[in-house]
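Asks: Here is what each chain is made of, one letter per residue.
Protein chains: 2
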Amino acid sequence: MDQIMEKIREIEKRLFAYNYALALIGIDDATAAPTESAEGRSEAVGLLSMEQYRLLVGPELGALLDQAAGLNLDRQAAAEVRELRRMREQYTKIPPEEFAADSRVFTLSQNAWQKAKAASDFSLFAPWLEKVIEIRRRWAGYFAPEKDVYDVWLNYYQAGLSMAQADPFFASLRQQIVPLLAEIQEKGRPIRTDFLTQDWPLDAQAQLSHFVMEVMGLTREHCVLAESEHPFTSSLYDGDVRITTHYLLDNMVSNLYSVVHEGGHALYERNIRPALRYTVLGEGSCPGVHESQSRLFENYIGRSREFLSYLWPELNRLFPAQLAGVSCEEFYRAVNLVTPSLIRTDADELTYPLHIMIRYELEKQLLHGELAVQDLPAAWNRMYKEYLGIDVPDDARGVLQDIHWSGGDLGYFPSYALGTAYAAQMVEAMKKELDFEGCCASGNLEPIQEYLARQVWQYGKELQPDELIRSGCGGEFDPSCFARYLETKYRALYAL
Amino acid sequence: MDQIMEKIREIEKRLFAYNYALALIGIDDATAAPTESAEGRSEAVGLLSMEQYRLLVGPELGALLDQAAGLNLDRQAAAEVRELRRMREQYTKIPPEEFAADSRVFTLSQNAWQKAKAASDFSLFAPWLEKVIEIRRRWAGYFAPEKDVYDVWLNYYQAGLSMAQADPFFASLRQQIVPLLAEIQEKGRPIRTDFLTQDWPLDAQAQLSHFVMEVMGLTREHCVLAESEHPFTSSLYDGDVRITTHYLLDNMVSNLYSVVHEGGHALYERNIRPALRYTVLGEGSCPGVHESQSRLFENYIGRSREFLSYLWPELNRLFPAQLAGVSCEEFYRAVNLVTPSLIRTDADELTYPLHIMIRYELEKQLLHGELAVQDLPAAWNRMYKEYLGIDVPDDARGVLQDIHWSGGDLGYFPSYALGTAYAAQMVEAMKKELDFEGCCASGNLEPIQEYLARQVWQYGKELQPDELIRSGCGGEFDPSCFARYLETKYRALYAL
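Just so you know, the protein sequences line up as chains R and Y, in that order. Heads up: the first sequence is residues 1259 to 1754, going by this note's numbering. Heads up: the second sequence is residues 1259 to 1754, going by this note's numbering.
I should point out that these hints are in silico values taken from the structure, not numbers from a laboratory. Every residue, glycine too, gets a C-beta built ideally from N, C-alpha and C. Careful, some of the hints might be misleading.
[Stated by the list, open to error] A short, non-exhaustive set of chain Y residues, derived as facing chain R with CB atoms under 8 Å:
no. : residue
1   : LYS1271
2   : LEU1282
3   : ILE1283
4   : ASP1286
5   : GLU1297
6   : ALA1302
7   : HIS1480
Work out the full structure, taking the sequences as your base and the hints as a guide.
Replies: What follows is the structure in structure tokens.
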């Protein structure tokens, strides 16, 4: 065993080096690169990806994985072999010439989507979306011809996930959120938000970022903050994690919650156990679990009354003029305002799952052939009216707002809502062990991090997503935690 | 021919991708990376370098280069084959196990040098320097056993360079500079420098950087400025060049000339002709020629009375308090002050070549076995006393100040002085075609850049260094231009 795993790990290290380079190129692109330098960058990315592909699908790794199949491996080694097999299959099951041709379609489709969004004209994107859906149906047939096409793609982004789990989750959410939203709109006590739209000095906002990072234990030794148009987290390895934020003069809250959200992702990546370093397990699990960690910090901690009470003196020190005459309670309410809106990424905690649910329903129908691409905008607009009660004025602010489908990511969206629900259950679980509110109120987040490191973070990709969720949630996934959380928080907030 | 060159260029593209990744990792390391993230970075660098090495020494490229030998190639293709052969030989002539072991020595030696410099204790570094010299002698035997060991290394950094050219160059410089320096110290009119050591607001310094970059035609579309401890230039390809500077509150001049110097390097890389993109020719030539371009902008343009007169209104706008009561002529003199000093990188234009000459003499003796490592500090201190007239107080400010030798770079230093001399001759040559002083005085550097692009920049590594120097200088290298330049400038400056 030892010799075969040693050789496998040598290849994993080489894969790591390509991942490192590709991730750094991505970070640089979004934070520092000259504006018109894309040509050389995309050439380098294409070539490095191809080198990595050669290594991954090459006969050397294939032979080693075959040899490893007969061995009695420990948990980590078995997981490494499992992940490598999965990665290889994703490439080798698709005929190489189709893979190359389809990759070009995704690139062109994303380009078409950009133009369509800029022009707010769905017809420019429609023919490409048709091609993308055709590819995703064809590939699903290669991956698992016996399975439902949408289940194949749910499973692609989160091993173990299927409509059998997601359907009732979204159904119950809808049944709960739609009437609660209506009640809030009808009878909820008004929330004061006037003070949010002032000028918030940028250097004070930057100081706030650093304060928040310090509270979260994200030290400059291993995590740096940069600026980019869209905030993101990228990990080069567990000892080097990058987060970004954006500073808007008229919106301090956006930066604050960007840092807390990305900081949650970063803590996860920082705390993968060192034994997984340079292996294919040395990164956070599926998007759903990753999102659970960022949402846990952003919403369950960051938007809690307790944590805001801890932040309040610092907020007042940094923004004395802006917060004059505002109480901490008013601030708490303002950052938790519920308001149906057009754009998913701006949505509040309560209406956010409805945005996801709409995409979930639509992509399911598209892949099942129950909805034609040409009918997609009308279906989109109808659902926004039905669930969020709002009229979509144009496709740019409607069906064209997200990049995902243009690049082939159908089946990815559910992660966002599921992650938030996993987080609710994790918070319930850890409350049995520790004083969650007390941690938030004192700014001492260590016990929370210790729990998450032990139950989730340390494992990287070693455990399968469903095992990780069980470990973090202290049992099977139970969407009722999230339902309870929303119900309790928003009834209180709106005095219903 | 076409098919073989096509395949060779495919491999060149793959080599480009590794270079791109490695260069970006270097840039990130110096500008943005978290402070304690070196472990994963060095792992990635080691692995990517090894992948690149595999490709370069692999049988595929070997066979293609053999086939290309019989072909009638155009100038560019012939140069690509020549460079690839040279790169391959550098690796394949050294037995692989020695190459690996020796690379480790260089790493450990650099580490020992850092500690020795910090402790100002040469004895910590001496045993490593002995090993380094042994390796460089051994490798020279592999590369060209028939040649003098020091000539092998001069030629390694600059094809065509040998002691036959460098010896008389340094001898004549010494004969000229040492007495001129003595005369300046004895009889030169005093230069006012009091105003240089004030506080220079950092944001005004940053604005100055941007102004200078604009004058030089370095637009943000293809060139960005970052901060790092030691300023440097790194090119990812001709469409993406990065320069850095450092801002010191009490020293505005340091930033100004860092930007101009690195800007010169950047203009060179930016103007390599697009046909060389993604080939091994798509970067600036040897260190000597590269330095000639940065020094040309830094010294011959940047420190000229004419260019400073053009900058003067902007300098006064940015630093009204600091420059109150200072004349442009006083500023010109201050930034051209001659003063013998301990540290090479801080040296003025006149004494700088003496710093290089000392290293040139010493490394020659070390490689020839005429000087024992243990006697190096004493020899160093003696030469600083003899040529610069100063006492070296400790090894940190003496023999340990530069990193080069610790990593095996013996034979590199002469580039710095030669480059400055090439630049002098290039300026003389272009003055026959254009109004150099007029360009500097008006801030319209385009005619100068047009000359350099035509005669030097466009060629990348296509021409050999001696061909490039001939092209840029309008004839054979003639060190008397540099001698004349120094003589004229400094006699006038000091009213001798």
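Asks: Each hint should be assessed against the structure and marked as holding or not.
Replies: To see whether the hints hold, each was checked on the structure:
1. Using the Cβ-Cβ criterion of 8 Å, the hint placing Y:LYS1271 at the interface with chain R is satisfied: the shortest such distance is roughly 6 Å.
2. Nearest Cβ of chain R to the Cβ of Y:LEU1282: about 6 Å, under the 8 Å cut. The hint holds.
3. Nearest Cβ of chain R to the Cβ of Y:ILE1283: about 6 Å, under the 8 Å cut. The hint holds.
4. Satisfaction of the interface hint for Y:ASP1286 is found here, the shortest Cβ-Cβ separation to chain R being roughly 6 Å, below the 8 Å cut-off.
5. Hint status for Y:GLU1297: holds, given a least beta-carbon distance of 6 Å to chain R, under 8 Å.
6. Hint on Y:ALA1302 holds. Least Cβ distance to chain R is approximately 4 Å, under the 8 Å limit.
7. A hinted interface residue such as Y:HIS1480 counts as satisfied when its beta carbon comes closer than 8 Å to some beta carbon of chain R; here the least separation is about 5 Å, so the hint holds.
In terms of the numbered hints stated before, the structure departs from none.
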